[in-house]
Amino acid sequence: MIGTYDHQVIDFRHLAALQAIAEEGTFGRAAARLGYTQSTLSQQIRALERKVGGVLFDRPRGPKPPQLTPLGRLVLSEGGQLLARYDGLVSSIERFKAGDGRVDIGTFQTVTNVLLPPVMRQLRKEHPHCDIRLYEEETARPALGELDLMFFDGPGGDDVDSRLLLEDDHVLIARRGDLPAGPVRLQSLDAVPMVALPAICDQARVEAAFAAAHVVPRIVFRTADNQAVVSTVRAGLGWAVMPVLACDVRPDDSELSLHPLTPRLPRRPIYVLTAGALSPLATRVVELARRAAADLVASRPRGPGERVLIPRASARRSGYPYTQTRADGMGVTPVDA
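In numbering that gives the first Met the number 0, the protein residues as written are 0 to 336.
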C-alpha cells in the first residue's frame, strides 16, 4: 500500500548514508567513511527526508552530535534490514557468477557410484564453497522439477535438453565355472533362474528384449540395489543381466564371470538432462560429467575381447584413439553430445 510518499524510489545510497551517520556519530566521519564530501552527504539526507516526509535528525548547534528523531530511528531500523538483505543479494549474485552457488543434481546408482565421484572432487577443488545437493531416485520417467540437472538412462521430453554422455553394454553375470568363457546365446536364458532389478528404467528395456526374443527367464529375486544383485549371484541364487558399469565386477574376479550376450541387447544410455538456462555451477557440472565419461572408458579395466568405441569428436578432445576393437563386444561407449 502506497502512503503519502513514493517508497518505491527510496535510494539505497540514502539509507546507507543514514546508517553511516548513526554509526559514526557525525556527518564528517560518515562522509569520510563513504567517500563523500560532507555537503554531498547532507544533500542525500535531505533527499531521504523528502521521500519519507519528515525530519530524520535533530541537528543541535555546537559540538553536540546529531540525534535521530523517532522517524529517523524507524527508518534506520527498517532500512538497515533492507540494506543487509541488499548486501546479501549482491553477495549471492557475485558467488553465483563465480560458480560458488548451489546446484541440485538428480542421479541414479551407476552415476552416483561411478561417474559423479570425479565430478564432485573437481567441483569442490574449483569451488570449495559451493553447495552441492544430490537426489537419488529410480523413476520410470525423468522429472527435473526444481533440479538444475538430472542424470537419467533415457532422453527427456520435448521441453528438456538431453545430452547423451555414454552408452553401456549389458553383460551376463554368472558364478565362475557355470559357463564356458565367451558369449552366451540370449535364447539359452529361457527358464533360467535370474536375479533382476525392478522392471523400470533400463531393466524394462532388458525384459522387452527378452520378450522380443521369446525368452522368459525365471526371476527369483528383484532388488533396487545393484550390489545386492551381484552379491545374490555370487551366493548362487541365479544369474543376472546388468550394464557393465552397474555390475562393478572385475574381469579377474575369482568367483564371478562376465559374458557378452548374442544377439547384443540394446545398450543402456546415460543422459544428462537440463531445462532452461543453467547457472555457471550447473554448466560446469555438465562439462565435468562429459570429461568423466571419456576418462571412465580410458581407465576402466577390460576383459579379453572387450570393445570400446570413442566418437571422433570426443577422441580429439581427450587424445584417446578413435576405436579399439576386440572380439566379444563388451564395453562402454562415450558419446559426443
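Incorrect hints may have been included.
[To be verified] Estimated spans, in silico, between C-beta atoms of each pair: (1) 128 to 236: 16 to 26 Å; (2) 92 to 235: 28 to 38 Å; (3) 92 to 144: 16 to 26 Å; (4) 174 to 90: 26 to 36 Å; (5) 134 to 91: 17 to 27 Å; (6) 34 to 140: 22 to 32 Å; (7) 136 to 160: 50 to 60 Å; (8) 223 to 92: 33 to 43 Å.
Bear in mind the hints are in silico, worked out from the structure with no lab data behind them. All C-beta atoms in this analysis are idealised placements derived from N, C-alpha and C, irrespective of residue type, glycine included.
Taking the hints in turn, this is what the structure says about them:
| no. | hint | in the structure |
| --- | --- | --- |
| 1 | 128 to 236: 16 to 26 Å | violated, 47 Å |
| 2 | 92 to 235: 28 to 38 Å | violated, 59 Å |
| 3 | 92 to 144: 16 to 26 Å | holds, 24 Å |
| 4 | 174 to 90: 26 to 36 Å | violated, 58 Å |
| 5 | 134 to 91: 17 to 27 Å | holds, 22 Å |
| 6 | 34 to 140: 22 to 32 Å | violated, 57 Å |
| 7 | 136 to 160: 50 to 60 Å | violated, 20 Å |
| 8 | 223 to 92: 33 to 43 Å | holds, 40 Å |
The structure does not agree with the numbered hints 1, 2, 4, 6 and 7 stated previously, though it agrees with the rest.
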